[in-house]
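Q: Put together the whole structure using the sequences plus the hints.
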Amino acid sequence: MQAIDLSIIYMASFAILLVGYLTAISSKDLIRLLIALELMFGAVFMSLIPLFSAISNAAFGIAIITIFTSSSELLVLIAAIVTLDRQKKNVYTSSVTIGGDKV
Amino acid sequence: MKIQNVESMNVEILLLLALAGVAVLSSLAVLLTRDNFYASLYMSATLIMVAAVYALFDLQPVFVLIVFIFVGAIGIVTVALAATYRFAPERQISGLWALPVIITAFILGFSVYTTQLISPEKIQFALENFITPEYLLLILFLTALIILLMLSVLKMGVGEGGRS
Chain A
1 MQAIDLSIIY MASFAILLVG YLTAISSKDL IRLLIALELM FGAVFMSLIP LFSAISNAAF
61 GIAIITIFTS SSELLVLIAA IVTLDRQKKN VYTSSVTIGG DKV
Chain B
1001 MKIQNVESMN VEILLLLALA GVAVLSSLAV LLTRDNFYAS LYMSATLIMV AAVYALFDLQ
1061 PVFVLIVFIF VGAIGIVTVA LAATYRFAPE RQISGLWALP VIITAFILGF SVYTTQLISP
1121 EKIQFALENF ITPEYLLLIL FLTALIILLM LSVLKMGVGE GGRS
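Those protein sequence lines, which keep their order, are chains A and B.
In this text, residue positions in the first sequence follow the working numbering: the first is 1, and each later residue adds one.
In this text, residue positions in the second sequence follow the working numbering: the first is 1001, and each later residue adds one.
None of these hints come from the bench; they were simulated from the model.
Heads up, none of these hints are tricks.
Straight-line distance between alpha carbons at most 25 Å, and here's what the computed PhoX-like set of lysine-lysine pairs gives:
{"#": "1", "chain 1": "A", "residue 1": "K28", "chain 2": "A", "residue 2": "K89"}
{"#": "2", "chain 1": "A", "residue 1": "K88", "chain 2": "A", "residue 2": "K28"}
{"#": "3", "chain 1": "A", "residue 1": "K88", "chain 2": "B", "residue 2": "K1155"}
{"#": "4", "chain 1": "B", "residue 1": "K1155", "chain 2": "A", "residue 2": "K89"}
A: Pasting the structure below:
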């Protein structure tokens, strides 16, 4: 792996992570939030690639942990979407009124 | 022989650039599209491109994990969910966000351009060295975590159903 490969991978990973953050903070419904989280995990997967050249077994372990973590997180978010839909009859984030600061 | 090596290196860099470029563009499409259904499809495309970069570096086990488990299961559930809750969307993002994004990208690009990156070694990965009792224990714990989460989600669903 060359330095230029490393640069391309990190730049692309950063760009995807940034887009994920932007999507998350601009999302108005939980489905979009779920999609944004998956994008962020995609960026994490991409940034793991250079780690395979130094500590490949540990990197594979981290990749597996990332997949399990993301699966668990998405499972909980999907359950939250279904529960919110049952209670509020919509999936908008604005309908969640408990918690958070008011400026 | 040396020229052949340089040519294959260039092809590899071009391929990596193309895959990373498509991944970034499809992630931008997620941000810009108004429909959640199309956003989820673009998100799946981004993840497949990320997996293709793994395949380019000959990391087949991770490619299989991402494509079949991450995209194949979780991504498709998201697509199905987005298709179920499909509604007329509003504009999701303000154009003012473009300014901090451009500034950050410029700073990052400049710092990468001016920094001498250390070339890492060639990737050599074999799955047979990975299967050790420690990692098996880790996978066992993570599977237990998923089962516990699923049980609590099921309990939540049954509780909600019982009340309604």
